[in-house]
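Residue numbers (this note's numbering), protein chains in the order written: chain A, 1 to 898; chain B, 1 to 110.
Incorrect hints may appear among the rest.
Dumping the calculated EDC-like pairs for lysine to aspartate or glutamate here, alpha-carbon to alpha-carbon at most 20 Å [said to hold, decoys possible]:
#1 743/A x 190/A
#2 71/B x 37/A
#3 63/B x 26/A
#4 75/B x 190/A
#5 745/A x 251/A
Calculated from the structure, these hints are not laboratory results.
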Amino acid sequence: MLTEDHISYIIKDLNYRGIVAEGIQEELIDHICSAVETEMTSGVRFIDAYHKILKSFGHTSGLRETQKQTIQSENSKPRNMLKNYFTVAIRNLRKHSFYSFINVAGLSIGLAICMIIVLFVINEISYDKHFANADRIYRIKSEIKFGGNHYNMLYAPPVMANTLATEYPEVEAAIRFRERGSYLVKRTIDNIKEDHVIWTDKDFFKVFSIPVIAGNAETALAEPNAIAISETIAHKYFANENALGQTLILDNKWNMKITAIYKPIPANTHFHFDILIALEGLEEAKREVWYSNNFQTYLLLRPGADAKQLESKFPELVAKRAMPQLAEVLGGDLTMEKFNAAGNKMEFTLQPLSDIHLKSSLQGEFEPNFDIAYVYLFVAIALFILIIACINFMNLSTARSANRAKEVGIRKVMGSFRSHLMRQFLTESILLTFISILLAVLFAYLLLPFFNQLSLRTLFIPFQQPMLYGIIILVALAVGLLAGIYPAFFLSAFKPVSVLKGHVALGMKSGFIRSALVVFQFTVSIFLVIGTLAVNRQLNYIQNKKLGFNKDQVIVIEDAYALGTNRVPFKEEIMRSGKMENATMTGFLPVSGSWRSDNPWWVEGRDPAVQENMVSIQNWRVDHDYVKTMGMNIKEGRDFSREFPSDSSAVIINEASVKRFNFSGEVIGSKIATFGDSGNGEPDRNKLITLTVIGIVENFHFESLKENVSPLMIELNEKSEGPISFRFQSQNTQEVIQLVEAKWKELAPGQPFTYYFLDQRFGSMYASETRLGKIFGIFSVLAVLIACLGLFALTAFTAEQRMKEIGIRKVLGASISSIVMLLSKELGKLVLIAFVLATPLAWYGIDWWLKDYTYKTEIGVGLYIFAGAAAFLIAWVTMSFQSFKAASSDPVKSLRSE
Amino acid sequence: MHSPELLKGTLQTILLKVLKDHGKMYGYEITQRVKELSDGRILLTEGALYPSLHKLEAEGLLKTETVMMGKRVRKYYALTTEGKSLVKERVSEFVEFIRTMGNVLKVDLA
Numbered sequence: 001m002l003t004e005d006h007i008s009y010i011i012k013d014l015n016y017r018g019i020v021a022e023g024i025q026e027e028l029i030d031h032i033c034s035a036v037e038t039e040m041t042s043g044v045r046f047i048d049a050y051h052k053i054l055k056s057f058g059h060t061s062g063l064r065e066t067q068k069q070t071i072q073s074e075n076s077k078p079r080n081m082l083k084n085y086f087t088v089a090i091r092n093l094r095k096h097s098f099y100s101f102i103n104v105a106g107l108s109i110g111l112a113i114c115m116i117i118v119l120f121v122i123n124e125i126s127y128d129k130h131f132a133n134a135d136r137i138y139r140i141k142s143e144i145k146f147g148g149n150h151y152n153m154l155y156a157p158p159v160m161a162n163t164l165a166t167e168y169p170e171v172e173a174a175i176r177f178r179e180r181g182s183y184l185v186k187r188t189i190d191n192i193k194e195d196h197v198i199w200t201d202k203d204f205f206k207v208f209s210i211p212v213i214a215g216n217a218e219t220a221l222a223e224p225n226a227i228a229i230s231e232t233i234a235h236k237y238f239a240n241e242n243a244l245g246q247t248l249i250l251d252n253k254w255n256m257k258i259t260a261i262y263k264p265i266p267a268n269t270h271f272h273f274d275i276l277i278a279l280e281g282l283e284e285a286k287r288e289v290w291y292s293n294n295f296q297t298y299l300l301l302r303p304g305a306d307a308k309q310l311e312s313k314f315p316e317l318v319a320k321r322a323m324p325q326l327a328e329v330l331g332g333d334l335t336m337e338k339f340n341a342a343g344n345k346m347e348f349t350l351q352p353l354s355d356i357h358l359k360s361s362l363q364g365e366f367e368p369n370f371d372i373a374y375v376y377l378f379v380a381i382a383l384f385i386l387i388i389a390c391i392n393f394m395n396l397s398t399a400r401s402a403n404r405a406k407e408v409g410i411r412k413v414m415g416s417f418r419s420h421l422m423r424q425f426l427t428e429s430i431l432l433t434f435i436s437i438l439l440a441v442l443f444a445y446l447l448l449p450f451f452n453q454l455s456l457r458t459l460f461i462p463f464q465q466p467m468l469y470g471i472i473i474l475v476a477l478a479v480g481l482l483a484g485i486y487p488a489f490f491l492s493a494f495k496p497v498s499v500l501k502g503h504v505a506l507g508m509k510s511g512f513i514r515s516a517l518v519v520f521q522f523t524v525s526i527f528l529v530i531g532t533l534a535v536n537r538q539l540n541y542i543q544n545k546k547l548g549f550n551k552d553q554v555i556v557i558e559d560a561y562a563l564g565t566n567r568v569p570f571k572e573e574i575m576r577s578g579k580m581e582n583a584t585m586t587g588f589l590p591v592s593g594s595w596r597s598d599n600p601w602w603v604e605g606r607d608p609a610v611q612e613n614m615v616s617i618q619n620w621r622v623d624h625d626y627v628k629t630m631g632m633n634i635k636e637g638r639d640f641s642r643e644f645p646s647d648s649s650a651v652i653i654n655e656a657s658v659k660r661f662n663f664s665g666e667v668i669g670s671k672i673a674t675f676g677d678s679g680n681g682e683p684d685r686n687k688l689i690t691l692t693v694i695g696i697v698e699n700f701h702f703e704s705l706k707e708n709v710s711p712l713m714i715e716l717n718e719k720s721e722g723p724i725s726f727r728f729q730s731q732n733t734q735e736v737i738q739l740v741e742a743k744w745k746e747l748a749p750g751q752p753f754t755y756y757f758l759d760q761r762f763g764s765m766y767a768s769e770t771r772l773g774k775i776f777g778i779f780s781v782l783a784v785l786i787a788c789l790g791l792f793a794l795t796a797f798t799a800e801q802r803m804k805e806i807g808i809r810k811v812l813g814a815s816i817s818s819i820v821m822l823l824s825k826e827l828g829k830l831v832l833i834a835f836v837l838a839t840p841l842a843w844y845g846i847d848w849w850l851k852d853y854t855y856k857t858e859i860g861v862g863l864y865i866f867a868g869a870a871a872f873l874i875a876w877v878t879m880s881f882q883s884f885k886a887a888s889s890d891p892v893k894s895l896r897s898e
Numbered sequence: 001m002h003s004p005e006l007l008k009g010t011l012q013t014i015l016l017k018v019l020k021d022h023g024k025m026y027g028y029e030i031t032q033r034v035k036e037l038s039d040g041r042i043l044l045t046e047g048a049l050y051p052s053l054h055k056l057e058a059e060g061l062l063k064t065e066t067v068m069m070g071k072r073v074r075k076y077y078a079l080t081t082e083g084k085s086l087v088k089e090r091v092s093e094f095v096e097f098i099r100t101m102g103n104v105l106k107v108d109l110a
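For reference, chain B alone in the conformation it holds in the complex:
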């Protein structure tokens, strides 16, 4: 399992990319999807997930949709147009970062 410290800066990128690839999702679903994609090595804590989601929403990158399920209410998150256009940029930015880290740490990432 990766340390949460390492995840901190990448959380937003992960959320945006996952939402881009899978369309609308709710909070728990996102944690499960990320866990699956990372073979259980990335576990999003709720304490980090929800603040991030709400922040992205406040910034206008995500939109939400609530669905009533009996007593429960489910809130789905999806990318806004603005959010969509940002995903690619964020991902390539991150790839660039990894490449730089590779150089700094003198390891071959290929």
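So that you can see chain A by itself, here it is in the shape it has in the complex:
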């Protein structure tokens, strides 16, 4: 048997040989003891027996190998390993909760923005794709250049659709749309104003696969006076009844029979019509003319038909059909060659349905579309914000590496491989992104209603889709890797010897990459700030530009035709109240969305067959008080006056027209002419109308400032059915509204009272820009915020690192301000570099955006300096908070222990 001494010897010896691991040490001792005992029973000496047994183990190396393999086999299960990474990660994050908070805050805001933008972009690119025949639907675009005017529009001649459908085999169906503004709709007594009303051909449901829930889709719109209504409208007017076959009265005069009810048109469609009126009932639609363009025309091609090929046949069609008609109207022997040679153009092209929402902004769009450039811009911003947030993570991890260097050293000494350490760091970053992404979903959920309001969309997070969760996990992994890979490489590369000896001094100075990343963050932030300021300055400029008319203090009463014969009494009774300065009755108002009409005119005496003499001019018909009510300026001559009965054949033209007409003599008193109407809407070459110029009105902007002021003339027409505009003096708009509304209710009972203020409508011409400006503003504020969060934490870290240095400096007499300076100097330099980089980029970006505007504001150096100073100031304040805290702390505290 073994003695106590023998056992002690074995324990000591094994310990010396490195068998120390808990769990295996005791077991091996017992095993060896037992084996030695057995050996000794055959009379061998203890020491010989022991060595024999040791030999059977393979001596020291064999013993150690056994120990190592035993430990490994215990831990070989990946679950254990992951659990360990996880535990360490959680402990680490909790230990440095300040930095974890900064990281999570930045990342979750960044991710929430990304999520919202991704939802937005997905929605934008999904437009119109839901139609069954989406890839076969095309729309006709027309480009007309004639009489000094140039139109890029969606209006095609009324006969074009039918011609294409019957004569061209590629076309399966063709439909037209005709917009005639809003309608007053009633069942019995009270009118409701409906905005989304359109006239269309009977094949509407064949081209656009909108489900019809009642009625026959094929024949619904074949008869005159038939309408198809959306389910929403059906519910609105016939709450619990069957609407099919019932009658609705439009604009107080037309009885329309409901022949079909369709499902509401999906939100991601480029039109949202609630009421479709059969085009069959519109005389204008039956005209066989090629020179008037009023109908948006859509084609459904046959499967396999080539749109390009069809398009190439259009010039021939124009030459064969349109030119002879045009020649007849204008006189002379007009041919395609002559027409084109004179610098004119009449060209039709096809636009695929999928291009409409993102790539089209022409005259005649049903609704304002979006711009693909902005989609790219949004994606870029989302990515930038995400990268800024990731950079925070990278910078904080590497900056704090000095603190973790010892951990890395000790782990390595204990036998950690580099891959283990990398896995550990990656686990930390992925865990952090997981927490962030969950918070991000919450943020996005809370922010979406706000964003929807701003972007006029109805976005939502598709919680019921399993894909969402897959994507969330994928994104968390991807972002975790993106943010964690650099720190992981960086930290795990430390050499244990130098780290443990204290040779790795990683303060702020070491990180070139870190500095570069901070510069990048601030470059992007400053770029966004400058962009936002520029957009807002341009919008301000537009709103306050001298327009040539006075948009303030004018209320416009819409749908005045509903007053019927009470129109004039209405106007006069309100004028009598003394609250109003002037009133005018016309639909031709200087804001877009109002009536427009243009005709070719020429200076009397010149030959209308000569192209150069023709001036295509806006022809507005107004009353005597128009110029006064709108606050326009007569530059020469005089305004219309009731004292001159001859003014019924007088005209006032704007400065642009004076230029275009190129009068030979005195402008005032000159005469201009055009062909009269033959009665069916077609010009009559034998009937000349001449008007005498009595005044020149200063150019005023009547379309968006993106466009130049074009030639315009105003003539008298007292019989207008258009809206009534009042210029009021009172500052109390509420009082004005009440006055007008009371009178309206008295004179037009049962009719909806709708009005707008001219300046508001003017503002809405720039609504999309204003929205863009706001969204941009929010993004840039958030980008700056996230970047500053990072800066905040970095300064905190530097201050912490240099605590002792600060203490000593203070003891030696440094002032607080000099220490604050010292701490923020380095980061301040980086912000300055970022400003220098961001300026040219921003200049280029703004230039690109402004190129659309004819009238643009000066973006002076001041704006750049202001943006730079603002960014610098914000960064400075962020940094000095931490620096100041460090600088004002008592040196005794930081120096006492050592």
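Place chain B on chain A using the hints.
Okay, now just chain B, sitting in the frame of chain A:
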């Protein structure tokens, strides 16, 4: 003596079966028992035995019990319920393997 290469895949099965037949045992005892059962033709090396035992323990198939013996501490291994239910399966799996090997190598094992 059988080559350790051949033993590699069967070690766990041997350990489980031996522990099933003899109840709780300690490491050295197991080596001796296997040696005895195989007429000295199977010698378990410690370098293979202990990693296997610890692995089986980590997987929850074995439970341990330590007994103090003066300065020495003896660790006994025994099957858990889960381990017990697995033994039969492992053994029959191995028998099946031998049968297959017999077919592959074209020798009659009977």
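Taking the hints in turn, this is what the structure says about them:
A C-alpha spacing of about 17 Å is found between residue 743/A and residue 190/A, which places the hinted pair at or below 20 Å, so the restraint holds. Straight-line distance between C-alpha atoms of residue 71/B and residue 37/A comes to about 15 Å, which keeps the hinted pair within the 20 Å bound. Restraint check: the Cα-Cα separation between residue 63/B and residue 26/A comes to about 17 Å, which is no more than 20 Å; the hinted pair holds. Between residue 75/B and residue 190/A, the direct Cα distance comes to roughly 95 Å. Violation of the 20 Å bound is thereby established for this hinted pair.
Distance restraint check for residue 745/A and residue 251/A: the Cα-Cα separation of roughly 17 Å lies within the 20 Å cut-off, and the hinted pair is therefore satisfied.
When the structure is compared with the earlier hints, a violation turns up for hint 4 alone.
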